[in-house]
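Novice: Chains as they are written, first to last, in numbering that gives the first Met the number 0: chain E, 0 to 132; chain R, 0 to 109; chain P, 0 to 335.
Derived from the structure by calculation, the hints contain no laboratory data.
There's no promise every hint is true.
Said to hold, decoys possible - With a cut-off of at most 30 Å between alpha-carbon atoms, the simulated DSS-like pairs for lysine-lysine come out as follows:
#1 Lys90(R) / Lys170(P)
#2 Lys67(R) / Lys242(P)
#3 Lys144(P) / Lys170(P)
#4 Lys28(R) / Lys92(P)
#5 Lys101(R) / Lys242(P)
#6 Lys34(P) / Lys90(R)
Stated by the list, open to error - Derived DEER-like restraints, expressed as beta-carbon distance ranges:
#7 Glu255(P) / Ala118(E): 49 to 59 Å
#8 Gln31(P) / Arg22(E): 49 to 59 Å
#9 Asp64(E) / Leu72(P): 30 to 40 Å
Stated by the list, open to error - Facing chain P, a subset of chain R residues (Cβ under 8 Å, in silico):
#10 Val6
#11 Gly19
#12 Ser56
#13 Thr57
#14 Leu59
#15 Gly60
#16 Ile91
#17 Thr92
#18 Leu94
#19 Val103
Where a beta carbon is used, it is the ideal one built from N, C-alpha and C, also for glycine.
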Amino acid sequence: MALQSCVNIKKEWDIVGARQMGRDIAREMGFGTVDQARIATAISELARNIYLYAGSGKVCFEKIDTIEKRGMCMIATDAGPGIVDIGQVMEDGFTTSSGLGAGLPGVRRLMDEFDIKSAKNVGTEIKAIKWLR
Amino acid sequence: MELDIRVEKDNDQIAIFLTGEIDAFTAPKLKEELAKCTVQSGKIIQVDLEQVEYMDSTGLGIFIGALKSAKEHDSSLKLVHLQDRVFRLFKITGLDEIMDIKPVIQGGKQ
Amino acid sequence: MDVVKSDAANYKNFLKEFIETQNERALYGAEQIIKTFIKRNISPEEIVNLHILAFAELYPNITPEVHRAMNFLLETMISYGMALQEYQALREKQLELQSEISVAASMQETLLLTEKPCISGLDIGVISIPAQQMNGDYHHFMKGKDGSLGIAIADVIGKGVPAALCMSMIKYSVDSFPEEAMSPQMILNSLNRVVERNVDPSMFITMFYGQYHPDSEMLTYASAGHEPGFHYCAETDTFSEIKAKGLVLGVLPDTEYQQYERKINKGDMIILLTDGVTECRNGEEFIESDEVLERIHEFRHLPAQEMVEKVYRYFERMQDFHLRDDFTLLIFKKRV
Chain E
0 MALQSCVNIK
10 KEWDIVGARQ
20 MGRDIAREMG
30 FGTVDQARIA
40 TAISELARNI
50 YLYAGSGKVC
60 FEKIDTIEKR
70 GMCMIATDAG
80 PGIVDIGQVM
90 EDGFTTSSGL
100 GAGLPGVRRL
110 MDEFDIKSAK
120 NVGTEIKAIK
130 WLR
Chain R
0 MELDIRVEKD
10 NDQIAIFLTG
20 EIDAFTAPKL
30 KEELAKCTVQ
40 SGKIIQVDLE
50 QVEYMDSTGL
60 GIFIGALKSA
70 KEHDSSLKLV
80 HLQDRVFRLF
90 KITGLDEIMD
100 IKPVIQGGKQ
Chain P
0 MDVVKSDAAN
10 YKNFLKEFIE
20 TQNERALYGA
30 EQIIKTFIKR
40 NISPEEIVNL
50 HILAFAELYP
60 NITPEVHRAM
70 NFLLETMISY
80 GMALQEYQAL
90 REKQLELQSE
100 ISVAASMQET
110 LLLTEKPCIS
120 GLDIGVISIP
130 AQQMNGDYHH
140 FMKGKDGSLG
150 IAIADVIGKG
160 VPAALCMSMI
170 KYSVDSFPEE
180 AMSPQMILNS
190 LNRVVERNVD
200 PSMFITMFYG
210 QYHPDSEMLT
220 YASAGHEPGF
230 HYCAETDTFS
240 EIKAKGLVLG
250 VLPDTEYQQY
260 ERKINKGDMI
270 ILLTDGVTEC
280 RNGEEFIESD
290 EVLERIHEFR
300 HLPAQEMVEK
310 VYRYFERMQD
320 FHLRDDFTLL
330 IFKKRV
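Chain E with its partners taken away, still in its complex shape (with noise of 0.2 Å):
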């Protein structure tokens, strides 16, 4: 597995730090245009949950190359509040009802791998991954 590259969300305007270096390596892999937008999309949404709700974190981007599949991950950390009820958050109408994006149901559907760990008071990682076709 590749070298990890790593962008830290403390600002909001990080948020755009990290979908310009997840757009640079999608680009960079030949995702397609359309996907390379999901790509970015997704980051938006995970990294403006850790500058909402966790304060900081970081976004990390890993190429997997192998020879049966070549994507790209992306894993969110932050050491936040974490998330009490995974089950709820990932319900469709949970987060949006409230105003804030299309939370992670639509990260998931944007992705196709899409996993979190989380522990109240410790924090959570989130982690996605986009295949190329």
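Fit chains R and P to the known structure of chain E by using the hints.
Specialist: Below, chains R and P alone, put in the same frame as chain E:
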């Protein structure tokens, strides 16, 4: 239909003025406002229903809940100026005998 | 879902035709393609992308500004597409819930099923229609060993699923009472304790319980805050309200209900109802209970079942076929 709720506080006295209709749609809002008042202890709460044209059984439930909550917190709840149609509901259900209710004065008698 | 090659080619042809001729036919063709895209859940960003690719193939020399502008549109469509997908997922969930509720409703129907008893000399008619899928009204007939007929009619405050759940509890409580304890007064006393212990404070139930004794021709009854019924006296051709004082079930644990009785003569009718009947509205106007009685009077020569159905149809039409509350009307006529 709409329900307008106006709350006036003066020391231990809380006067609540309702205007509109009390039904399944407006009841949650009324329940919330009443609960805010009935959980305080030692209050004298008076609800004025003069401008309430319609109330269905959902409204009765709200007032029973409020009455129970007021009793638990040593507060009192009183309903005043009920129109005939609304008062009839309290009368049929026997609630007029366990609640402090003063209907609209008509022809000099209550 | 992805756009397939043939769609892409069709789309490109219609786009070309439209740019060259501004022909309505091309637009109609595009409309048909888009409809199939909607059916196959193709996202807006895919369609914008299809457009960009088709345009670039037709006009390879477009300026970078135009190309970027179209990519900009594609980016903005991603969020729109996410919102659309969420909406679709929620809609599917709603359909699931709806079908669950209709299963629950038919279960309730089976649970609360009560058979209209045949008692010689009595003609009984009853109709109970829920405003939503599940019924918060309840009626029940019980034939006693002594030949008496017990009739319960009840209304849970509120409508829908919570009211319906509450009703099932009531029915099973009544069923579990021993027959010796079956006087209207005793039944209400016991039920009140059950409801008081088991139901949320802001929820309550009104109930009228009557027991008709064919031998003595007497109706004994008690009411827990229920909408008063009516007694039609054939001899005087008048209606009188069946007044009975009593607090609704579930408010105070030790309520004692009073029992009343009245004689039922040949040709008399007892009319029991829920507030869904008296709270019918004609536009913004409420109907008066007189209007219910006028209809009943008008139909009084019909069999009881036909009467209740006709009254229901009348008020259903008056309310533009949209009930605001569950509607239950029960009539029993003493024929001989």
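Novice: Look at each hint and say if it fits the structure.
Specialist: Hint check results:
{"no.": "1", "hint": "Lys90(R) / Lys170(P)", "verdict": "26 Å, holds"}
{"no.": "2", "hint": "Lys67(R) / Lys242(P)", "verdict": "27 Å, holds"}
{"no.": "3", "hint": "Lys144(P) / Lys170(P)", "verdict": "19 Å, holds"}
{"no.": "4", "hint": "Lys28(R) / Lys92(P)", "verdict": "27 Å, holds"}
{"no.": "5", "hint": "Lys101(R) / Lys242(P)", "verdict": "22 Å, holds"}
{"no.": "6", "hint": "Lys34(P) / Lys90(R)", "verdict": "59 Å, violated"}
{"no.": "7", "hint": "Glu255(P) / Ala118(E): 49 to 59 Å", "verdict": "57 Å, holds"}
{"no.": "8", "hint": "Gln31(P) / Arg22(E): 49 to 59 Å", "verdict": "35 Å, violated"}
{"no.": "9", "hint": "Asp64(E) / Leu72(P): 30 to 40 Å", "verdict": "32 Å, holds"}
{"no.": "10", "hint": "Val6", "verdict": "20 Å, violated"}
{"no.": "11", "hint": "Gly19", "verdict": "13 Å, violated"}
{"no.": "12", "hint": "Ser56", "verdict": "4 Å, holds"}
{"no.": "13", "hint": "Thr57", "verdict": "6 Å, holds"}
{"no.": "14", "hint": "Leu59", "verdict": "7 Å, holds"}
{"no.": "15", "hint": "Gly60", "verdict": "4 Å, holds"}
{"no.": "16", "hint": "Ile91", "verdict": "6 Å, holds"}
{"no.": "17", "hint": "Thr92", "verdict": "3 Å, holds"}
{"no.": "18", "hint": "Leu94", "verdict": "7 Å, holds"}
{"no.": "19", "hint": "Val103", "verdict": "17 Å, violated"}
In summary, the structure is inconsistent with hints 6, 8, 10, 11 and 19 from the numbered list given earlier, while agreeing with the others.
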